[in-house]
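Engineer: Single-letter residue listing:
2 protein chains.
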Amino acid sequence: MNTPSGSAAGVDVRASDEELGRIDQYWRAANYLSVGQIYLLDNPLLRQPLTVEQVKPRLLGHWGTTPGLNFVYAHLNRLIRARDLDMIYICGPGHGGPGMVANTYLEGSYSEIYPDISPDAEGMRKLFRQFSFPGGIPSHAAPETPGSIHEGGELGYALAHAFGAAFDNPDLIVACVVGDGEAETGALAASWHSNKFLNPARDGAVLPILHLNGYKIANPTLLGRMAESDLRSLFVGYGYEPLFVEGSDPEAMHRLMADTLDVAANRIRAIQAAARQAQGATDLPRWPMIVLRSPKGWTGPKEVDGQKVEGFWRAHQVPLSKVRENPEHLRLLEAWMRSYRPETLFDESGRLRPDLAELAPSGARRMGANPNANGGLLRRELRLPDFRDHALAVPKPGATQGEATRAMGTYLRDVMTLNAEARNFRIVGPDETASNRLDAVFEATDRVWMEPIEPYDVHLARDGRVMEVLSEHLCQGWLEGYLLTGRHGLFSCYEAFIHIVDSMVNQHAKWLKVSRGLGWRRPIASLNYLLTSHVWRQDHNGFSHQDPGFVDLVVNKKADIVRVYLPPDANCLLWVTDHCLRTYDRINVIVAGKQPAPQWLGIEAAVAHCEAGIGLWRWASNDDGREPDVVMACAGDVPTLETLAAVDLLRQHLPELKVRVVNVVDLMTLQTREEHPHGLADRDFDSLFTADKPVIFAYHGYPQLIHRLTYRRTNHANLHVRGYREEGTTTTPFDMVVLNGLDRFSLATMAIERVPGLNATAAHVKQAFREALIAHKAYIRDTGEDMPEIQQWAWPHGTAD
Amino acid sequence: MNTPSGSAAGVDVRASDEELGRIDQYWRAANYLSVGQIYLLDNPLLRQPLTVEQVKPRLLGHWGTTPGLNFVYAHLNRLIRARDLDMIYICGPGHGGPGMVANTYLEGSYSEIYPDISPDAEGMRKLFRQFSFPGGIPSHAAPETPGSIHEGGELGYALAHAFGAAFDNPDLIVACVVGDGEAETGALAASWHSNKFLNPARDGAVLPILHLNGYKIANPTLLGRMAESDLRSLFVGYGYEPLFVEGSDPEAMHRLMADTLDVAANRIRAIQAAARQAQGATDLPRWPMIVLRSPKGWTGPKEVDGQKVEGFWRAHQVPLSKVRENPEHLRLLEAWMRSYRPETLFDESGRLRPDLAELAPSGARRMGANPNANGGLLRRELRLPDFRDHALAVPKPGATQGEATRAMGTYLRDVMTLNAEARNFRIVGPDETASNRLDAVFEATDRVWMEPIEPYDVHLARDGRVMEVLSEHLCQGWLEGYLLTGRHGLFSCYEAFIHIVDSMVNQHAKWLKVSRGLGWRRPIASLNYLLTSHVWRQDHNGFSHQDPGFVDLVVNKKADIVRVYLPPDANCLLWVTDHCLRTYDRINVIVAGKQPAPQWLGIEAAVAHCEAGIGLWRWASNDDGREPDVVMACAGDVPTLETLAAVDLLRQHLPELKVRVVNVVDLMTLQTREEHPHGLADRDFDSLFTADKPVIFAYHGYPQLIHRLTYRRTNHANLHVRGYREEGTTTTPFDMVVLNGLDRFSLATMAIERVPGLNATAAHVKQAFREALIAHKAYIRDTGEDMPEIQQWAWPHGTAD
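Protein chains in written order, with this note's numbering: chain A, 37 to 837; chain B, 37 to 837.
The following block holds chain A by itself, in its conformation from the complex:
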């Protein structure tokens, strides 16, 4: 269909037929090694006839996508060498692990990282054996795979990762193979639009290679069966120039692929040159992408047991599944592997023939050794401003109002400025940077936008460093790719809708856990979330926008990976933000509101409080450092407000009651030290929460989480938690806490009911609280607003410290 020519297109590096012949051999070597990994325990070079004992007892792996991945790898190697490109390979069809391993083994990067898997027959034996084998390696591209920044488990994120890697990486080209199965996912379908955020003057390039092998596990693929004209229209519509490489004859395909890659590389170079010459005054270019249509299980068995395999979904996993049981399968396997003529590819020692080995790039140009795929190697610490410069003055607790995220915004503005030159910090979010009140960052940068910009647009620019798109998947995928290649960032999101990326967070947490166990993978910057517009302040959005459960998901992950912070006010949020930006290999979740709210702690008090993660607020307590009658605990900005208002009620109405206030910033302090490194020692926990006094705990999210974190603590039986219990609607802020029993009156009532002896004597106080709630309900029904005394309540007790 295309008859592209590298030389015609600008650079005279067209592959010779001789070179393509060797590339074919290289490809055969990779295919051979891939099949070997799936099947063999021993006899790696087939120097003896294959026996049943040499075949793995459990055949676990995916052949179908692998030859195509190998084909791409071999041709990218040529492109890199011919043009000295800085390139990484993102393998969307992650099941093709055998291929990525085979290629990094062939190019030598694998053995450098894993010397035990040496480039000889013994190393090859171990290479085969370890694959999908206990104590070995997974069957997917994974952290263990050199050159990978993309776990191939859950499909859909390859292209977003690729773009994330390319941002602010002007010399990098990210080749990204997208499987036609993966292409059906939502995240991937949206990811094609990432081109609209990539600036050719400043960023690197992404070369998407849509690999149409036509089938998933047991079905054709949608894109594989699409009319070719529709396919072309679709990618033109997405803004690309699709280049088609289609066929099954290796010789013709090698020529077509090599020439097409030359065209693509020339196009990329031309786009970049024009944009860079224009000094950023560039419009959205039409980037090339490749549609590679090749048979599933290419070069594998055509038929097995009389059924079509090559070019069909039966090639997806192991085309021959009964090798140990069925001699015919064993024979077919041996014939298949010998069809690659291993004796012509590897020398006596089992090493790849030198004239083939030279087809791979060398050193850090090898895709398995490119430092961009081990981003910790490139990571530089951020330059951070002094967060104290952004502190709100809090002369007296609760006396001033402030918007926590607005203070954070000025801090982030300075982070932007300080790292503008390093170009290694970005903020992503779904169209909410301003509405989440981080808009001070727009004093330092803009939103990046490559489509037309109108004169009346606000804070849109080609070189903006804030990325807004109404797709949490893209935000997450871009940021992951950005972090994994050694940079830093923050994802600001509506709390309820961060659940959209739950599964991506799971995968990233797993990646971090495994990476931490690999000495050669260097730490990357943490994945930082600001969850705002949270459950308690959805006054006009209502029930559908109320979900604080992301924290629950996160705490299921490995303890050393996750941190959850609930700063009660702006100064605490500043400390937490600064802290999170300094950490690595973690997932940090910060939950903080954007609405005006009372401020509790001056900056030095905030620092001390946040460093401890949890603390007794002496100024709010009246237990004078002795054993209290009741502990009022809180975590989260709104629960803190309601708790302090409840304490105020108690102190007004029952001044003899000794109340202690404990505030939790770092949720992980609640767990025992055995469970989490931030866990408070039991002695300290008991000292804060007492061994036997009632504890009324007001928590931001689902109350059961607090029980789950504390069930091992001494005083757990006396812990009474209030939080979000899925009651919500369009209503006032105070009515929301009332609906969920988290309001000051309910908390104070709980305290009264739980303190022995108090319940009866304080019946009149409880009655007064009940009446106050009823009166308030009536008031808001009439006016649509909370009572002024609720809206304007302020902590009246001064500071005791």
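A few of these clues could be false.
The list treats identical chains as one, so a pair stands whether inside a single copy or across any two.
To be verified - With a cut-off of at most 30 angstroms between alpha-carbon atoms, the simulated BS3-like pairs for lysine-lysine come out as follows: (1) K594 x K232; (2) K162 x K802; (3) K344 x K729; (4) K358 x K694; (5) K338 x K432; (6) K694 x K432; (7) K802 x K358; (8) K162 x K358; (9) K549 x K338; (10) K594 x K694; (11) K594 x K802; (12) K813 x K549; (13) K729 x K802; (14) K338 x K802; (15) K594 x K549; (16) K813 x K594; (17) K358 x K344; (18) K694 x K344; (19) K162 x K344.
Calculated from the structure, these hints are not laboratory results.
Given chain A, put chain B in place with the hints provided.
Structural biologist: Chain B only, in chain A's frame:
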């Protein structure tokens, strides 16, 4: 751009200019009512000059998208009347709640459901007041909104819902407005491909209307700024015929919209007629879709405070935000509202002028009264086979092996057959029906596939009732749409990847909770999940495919909405499946493995066990009905296997130890009755788990969940839970449980350590268990397989019942 003509295209129903004039008035009435809802407390018809007191104190709502939605609604009304169409309206830009409410009010369906909101001045006053007001209605389209099956909170699912509604609904046309913000989401980007699953002979039609108003909260939209040629290519690529309606002059736009809708309706009719004449032998047709480009905030204030509003993102929410504070804003609001000339639209009583009212369809043809949008009205019970006919024979516990999902498959096959005529049952899943061993259903039906079918394809057909696509979002969205319009279904999914739809599940749970509180919404069939290919059997996929945390998400929802079942074997799975298909208004999660595993209960024992949801397994216990020394509890198939093997070990090595086995099928039984309707009474719980004996609980998922569910129980302090603790890799089945401490040896050791007095005396037994684990580890490293005695272990104790 288009100059379509209804009459030219086939049906002579072209709108007259006079009719279009009245439609313009109808549209103005809807816009007027929309603005009124956002702003006014009183003076609904503006019969007096507007005062500050008549304006809401908190202005909460979204104007921007609303006039476009109203425009569409008015024109769909004409189309319905002219052609007597059965049509519902899915409003993707859910923020446009005021528009949907306004239109259902104008057509009368609103007042029929909510008589208090009467069609007169007093009703209009209440209509305005209730909007986004405490005690009132949400600002989005929501369950409270007549005619809606789609909550407008979280964006992305409109089109998938629309297709779900259209499947098996041959007479229905689902008009689906997709906002250009929503169009950026992953789920929506994938949803366009739903056309490849819609059979024009059997299914209804979806008419997507992409509403390009160009802006989100604070940004342009990607699709809104795309070159028109790319936009056209994109939708041609997706397989549609895009029809463009673009402009801002109402008169021209009315003509263009009316004529374009005629074209679209004629195309739909022609496609359906051809397909139905061909008796199903139809190929994928090119369905029409409409691109409607109109100004954001159309007909609202052009400028406010000197800044561009109409046609810009500033129109997104309330264009005039300081009406109470700023007299100029008040003046602008009044002028804006009066520009619709309410006195010409509503009569003396405040009722819509009769010649305008007649523009709406009548009765059930009104989109707010169409029973498809209140699917419970149409829901028929499924015809269900006798699940006992699919039972596995289990003469003795543990003696036979069986694949649980395979048995379920034959049951589902019969469900398919029995309801083939009713056409109200579908199975959705991401390409895994066969790999999850439900393939018996293919004896009764096929996978639906509208793209080309090759001779060698397997179980693909135009009229298949199994829907496979590699997008969990589409599976979920389609099924929700199908259920919400009164049908039944099952979603079969890899356990780990169901997290992809976490946020959709949240929204559906919220929808069900609110719907249950509305008398007029009839119950719909439950959303049923089969989660298989679960965490314990990911031998070759490894760590990235291991996540049992969906259950944790689900139990955060309202107790009366959710059920979680962990059937330990095939017969229990049969009961659970049958049970779930009989329920309504719930989310049922079934977790069950697909691999061959020992079978424990005959069908009658399974029925008794599952009906109770939890039970003492006497045949596995040796406590003879008396107080045991230790309770070995389990939930999930693999934990049950390991628990019984542990009990076997204990009985062999410590025959004097009295062991009780408790198995949990219905996870909700663990909660107290106050927390969940299925919760076991405390007395019964204590009787099962004892008041003070150690309980070793082997659980399928994250262990903390069991603590969370049981922390209120008497014996909680003695409960020791093992489950998945994020340890996993590519390894054998038994090694997986070993890695997580859930294996038989570890469980038996825990029991020994927890039974007072036993720990010291049984030291040799513990030592033997330790050595067994070490030996096993060595064995699998050598062979890649579990030891034969592990693989072949069978319960040796016969049945005691």
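Engineer: Run the structure past the numbered hints and jot down the numbers of the failing ones, going up.
Structural biologist: When the structure is compared with the hints, numbers 1, 2, 3, 4, 5, 7, 9, 10, 14, 18 and 19 turn out to be violated.
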